[in-house]
Structure formats: structure tokens, C-alpha cells
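Undergrad: Protein sequences, first through last, are from chains D and R.
Residue numbers for the first sequence follow our numbering, beginning at 773 and rising by one.
Residue numbers for the second sequence follow our numbering, beginning at 525 and rising by one.
Hints are computed from structural coordinates only; laboratory data are not their basis.
It is possible that some hints are incorrect.
Pairs of lysine-lysine residues, derived as DSSO-like cross-links and limited to a Cα-Cα distance of at most 27 angstroms, are as follows [claimed, not checked]:
| hint | chain 1 | residue 1 | chain 2 | residue 2 |
| --- | --- | --- | --- | --- |
| 1 | R | Lys-577 | D | Lys-794 |
| 2 | D | Lys-794 | R | Lys-562 |
| 3 | D | Lys-836 | R | Lys-562 |
| 4 | D | Lys-800 | R | Lys-562 |
| 5 | R | Lys-577 | D | Lys-793 |
| 6 | D | Lys-793 | R | Lys-562 |
None of these values were measured; they are calculated from a predicted model.
One-letter residues, chain by chain:
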Amino acid sequence: MDKLVKLASVTEAMRARDILKKRGIDSKIARIPSQNGRGSCGYGLNIKTELSKATEILSESGIKFDGQALGDSL
Amino acid sequence: MIYLDNGATTFPKPQSVIRKSNEALRYFGANPGRGGHKMAIKASELIYNTRVKVAEFFNIPNPSNVVFTLNCTASLNIVIKGLCKSGDHIIISSLEHNAVLRPVEKLRNIGVSYSVAEVSETDDNETLSNFRDCIRENTRLAVFTCASNVFGTRVPFERVSALCHQYGIRTCVDAAQGAGIIPIDLSDSSVDYLCAAGHKGLYGPMGTGILIVNCDEIPDSLIEGGTGSNSDNYSQPDFLPDRFESGTLNFAGFVGLGGGLDFVRNMGIANIYNREMREIQRIYNSLSNMNKVVLYTDYPEIKHFTPVISFNIRNINCEEIAEVLSSRYNIAVRAGLHCAPLAHKNKGTLEIGGTVRAVPSAFTTKNDIDSFIYAVNKL
Chain D
773 MDKLVKLASV TEAMRARDIL KKRGIDSKIA RIPSQNGRGS CGYGLNIKTE LSKATEILSE
833 SGIKFDGQAL GDSL
Chain R
525 MIYLDNGATT FPKPQSVIRK SNEALRYFGA NPGRGGHKMA IKASELIYNT RVKVAEFFNI
585 PNPSNVVFTL NCTASLNIVI KGLCKSGDHI IISSLEHNAV LRPVEKLRNI GVSYSVAEVS
645 ETDDNETLSN FRDCIRENTR LAVFTCASNV FGTRVPFERV SALCHQYGIR TCVDAAQGAG
705 IIPIDLSDSS VDYLCAAGHK GLYGPMGTGI LIVNCDEIPD SLIEGGTGSN SDNYSQPDFL
765 PDRFESGTLN FAGFVGLGGG LDFVRNMGIA NIYNREMREI QRIYNSLSNM NKVVLYTDYP
825 EIKHFTPVIS FNIRNINCEE IAEVLSSRYN IAVRAGLHCA PLAHKNKGTL EIGGTVRAVP
885 SAFTTKNDID SFIYAVNKL
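Please construct the entire structure, taking both the sequences and the accompanying hints into account.
TA: Okay, here's the thing in C-alpha cells:
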């Protein structure tokens with residue numbers, strides 16, 4: 773199942789992607805659907821695997837994110 | 525044409541710049557940060573790549589702290605007006621361009637005061653002392669150039685910034701004439717905000733400016749609008765770079781700027797600087813042997829100057845000199861006050877309408893300089 777992590781902007785999403793890549797986690801830039809009518813026009817990362825590790829790395833790097841899975845919550 | 529007006533903008537641009545801008549327009553011309561389709565993501569990627577290059581160039585860890593603006597003037601306005609409020613005091617230098625002087629002067633209308641610190645041509649300690657003498661209890665910001673666009677005089681910006689930090693004063697450096705010419709390393713630096721032009725020493729297209737926020741204080745926004753992020757929020761984003769990037773970027777310009785940064789990196793800043801300074805020193809030596817020529821600085825030593833030279837010919841208006849150089853010898857220089865009345869006032873050239881300014885670039889050849897010297901001698 774695709775896991776989506778929402779970042780503040782497309783710039784932050786690309787920064788997060790590069791940080792994760794250096795740590796061996798692949799991800800893809802994606803548009804994030806709004807949730808309950810809020811948070812539209814968002815960019816984030818589609819992370820196929822190791823979501824927990826990914827979010828841990830992002831937190832360590834000081835990158836703010838909202839993590840969610842399509843249909844699931846972190 | 526022999527182009528010696530590189531202080532206004534560098535010409536020609538490197539092939540890498542032209543190629544990248546061309547490709548951006550031709551193949552990837554979607555609006556970056558506005559959609560999720562392949563071309564929009566690719567356009568966003570290209571912009572991000574330039575952001576990363578700028579971050580690496582000035583040695584900051586986070587490319588999100590690199591803001592793209594219309595030009596260096598816009599970057600300076602963001603910092604000056606976004607930080608200072610009624611009752612604040614600002615310090616500027618005696619060399620400032622109107623990009624600093626005018627917004628600072630405008631703020632007087634809302635009760636912001638400013639002082640001008642004299643810059644010594646060859647004594648950095650004296651310059652430092654002059655800045656110190658300007659500091660007041662309510663000094664909020666010191667904003668100053670790293671090098672004069674008229675006379676090439678360098679300001680010891682790291683030392684001045686460190687001094688200001690001792691007093692809790694924010695520092696903003698106008699690197700319009702310095703970026704790509706002199707080394708600027710923001711890691712472990714007291715420079716809080718760096719403003720630069722993309723189209724001068726970085727060889728990018730016009731319409732590209734840079735603001736680097738090198739501290740944790742983000743100025744208030746001057747322009748609010750669409751940023752392609754959090755659109756359901758009626759408030760301007762409080763994070764970088766979006767806070768200061770409302771509306772559509774000069775996409776082809778900033779992609780091209782990436783090519784300019786590649787060019788400067790490949791050439792090496794030290795190589796560019798040393799080579800251009802040798803040319804300026806050669807001009808200075810030749811012109812100083814012409815009785816009719818008036819020069820306004822000491823011999824331009826590398827430590828204290830950037831590659832800029834201003835001069836006049838006795839009893840001839842500077843605009844006439846520039847006109848004859850252009851029409852008769854096909855040499856491009858700029859005459860007048862160069863948008864820097866303070867610098868000219870300091871040298872006594874304000875009353876005579878300014879000077880003729882020549883600025884080489886990485887593309888200026890020995891023959892260009894020979895021809896320029898010949899032409900001035902013939903005037």
C-alpha cells in the first residue's frame with residue numbers, strides 16, 4: 773500500500789527525498805490529496821517501504837511532515 | 525563590441541546558461557510547484573537543482589533557505605522592510621547602492637533612523653571602528669555592501685558582521701558585486717542575510733536574485749500571494765522559501781542561473797578574481813600615466829578591491845567620454861552615478877555628475893583591455 777508523507781512545500785519534499793535517498797530509502801514526489809477539505813495543494817513523498825525508518829530520519833533532520841497512508845494513519 | 529559594463533550585468537553569458545534556459549523554455553516550460561503532472565514535477569526539479577547549487581556555492585546546509593527573487597534589490601527590500609519597525613535604527617556604509625539607501629531612506633517615514641559608517645579604502649580596522657561608532661541601543665540591522673559597485677572598494681563584511689553580532693544586531697550583506705568574485709562562505713558566518721544578483725558575477729540571466737536566510741529570524745513578507753502550497757490557508761506561509769516566493773518564478777532564468785553557477789565553479793572563483801584584478805591593475809597603471817585622467821582610489825590591491833575601476837578625463841563630462849568610447853571605439857562602459865550617490869559623494873564626484881566605470885568579466889580578453897587603454901589615451 774502506498775504511504776504518503778506530506779511536506780510543507782515541493783522544495784521541502786525534494787529536500788526530504790534527497791535526505792532519504794542518501795540513507796537508502798527511495799521515495800517519489802507526489803501531490804497529496806486534501807483530507808476532509810483541508811490541506812489542499814500539498815506536496816509530499818510516496819514511500820513504498822520502511823515508512824517508520826523514513827519518518828524517523830526526517831524527524832532527525834528537522835524536517836516537519838504529516839505522515840499518512842492512503843486509508844491508514846501513522 | 526568590447527563590453528566592459530559587467531557591473532551592470534555580465535555579458536556574454538556562458539553557453540551553459542543559454543543552453544539551460546533554452547531547454548527549460550523549450551522542453552520543460554510548466555509552472556514549477558503548481559501541479560503534479562510530469563512536466564510540473566520536472567520543472568520543480570530544475571528549480572530545486574539550482575537552489576541546491578546556490579546552497580553549495582555559499583556553503584549553507586539547507587537549500588530551502590535559498591529564496592529566489594526578482595533581483596538583488598528585491599532581496600534587500602525584503603530584509604530591510606521585513607525586519608525593521610518604527611523606533612529601530614539601521615547602519616549602512618558610505619558606499620551603498622540605492623538598492624540599500626532608498627528603502628532605508630523610505631523607512632524614515634515610519635520612524636526608522638539610520639547612520640552611515642565610513643569605509644576606509646585600505647584600513648579595515650578603521651572601517652570597523654566607524655561601524656562601531658554608529659551602533660546605538662536601538663540598532664536593529666546593519667546592511668552594507670561587500671564591495672562598491674563604483675570604486676571596487678571592499679568592505680570587511682565578515683569582521684563587520686561579527687562586530688554587529690556582539691551587540692545583537694542582525695547583518696545583511698549586499699553581495700551584488702561580490703558574489704562569484706570574492707569567496708563568500710556562510711558556514712560559521714555572522715552574516716544573517718545574504719542578498720545577491722544572479723546576473724552579475726554568477727553569470728545567470730537578468731531577472732534573477734537570491735536571498736539566503738542564514739539565521740532563524742525570518743523577515744515579514746512584503747508580497748503575499750499564491751505559493752502553490754497550503755492554498756486553503758489564507759495566511760502567507762511562514763516557512764522558506766515559500767514565504768517570499770509568491771507568484772510565478774522566472775523559471776527559465778533560474779534554470780539558466782544553475783548553468784552560471786556551474787561555470788563559476790568550473791573556472792574557480794580565485795582564478796576569475798585574480799585574472800580580472802590583473803586586468804584592472806593594468807588599466808590603473810596605464811591610466812595613471814595619462815595626465816588628463818583622474819583616478820579616485822589608491823592602486824587596487826587584491827585584498828582591498830574588487831575588479832572595478834572608475835575614472836574621469838579632465839574637463840570632459842563623463843557621459844561624453846562614455847558616448848565617444850561607444851560610438852567611435854565600440855567600447856561599452858557606464859557613466860554617471862551608477863545608482864550609488866553615497867559612494868560618489870564620498871569621493872567628491874557627485875557634483876561633477878559621476879565617473880566612467882569599467883568592469884571586466886571572465887570573458888574579457890587582454891586585447892579588450894589593450895583596446896580600451898588605447899581608446900582612452902586617444903580621447
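Undergrad: Does D:Lys-793 sit within 27 angstroms of R:Lys-577, going by the straight-line distance between their CA atoms?
TA: Measuring from Cα to Cα gives roughly 18 angstroms; hence the hint holds.
Undergrad: Is the Cα-Cα distance between R:Lys-577 and D:Lys-794 27 angstroms or less?
TA: 17 angstroms, holds
Undergrad: Hey, D:Lys-836 versus R:Lys-562, does the alpha-carbon distance stay inside 27 angstroms?
TA: 25 angstroms, holds
Undergrad: Sort out whether R:Lys-562 lies within 27 angstroms of D:Lys-800, counting only the CA atoms.
TA: Holds. D:Lys-800 to R:Lys-562 sits at ~12 angstroms (cutoff 27 angstroms).
Undergrad: Does R:Lys-562 sit within 27 angstroms of D:Lys-793, going by the straight-line distance between their CA atoms?
TA: 20 angstroms, holds
Undergrad: Under the criterion that the straight-line Cα-Cα distance not exceed 27 angstroms, is the pair D:Lys-794, R:Lys-562 satisfied?
TA: 23 angstroms, holds
In terms of the numbered hints stated before, the structure departs from none.
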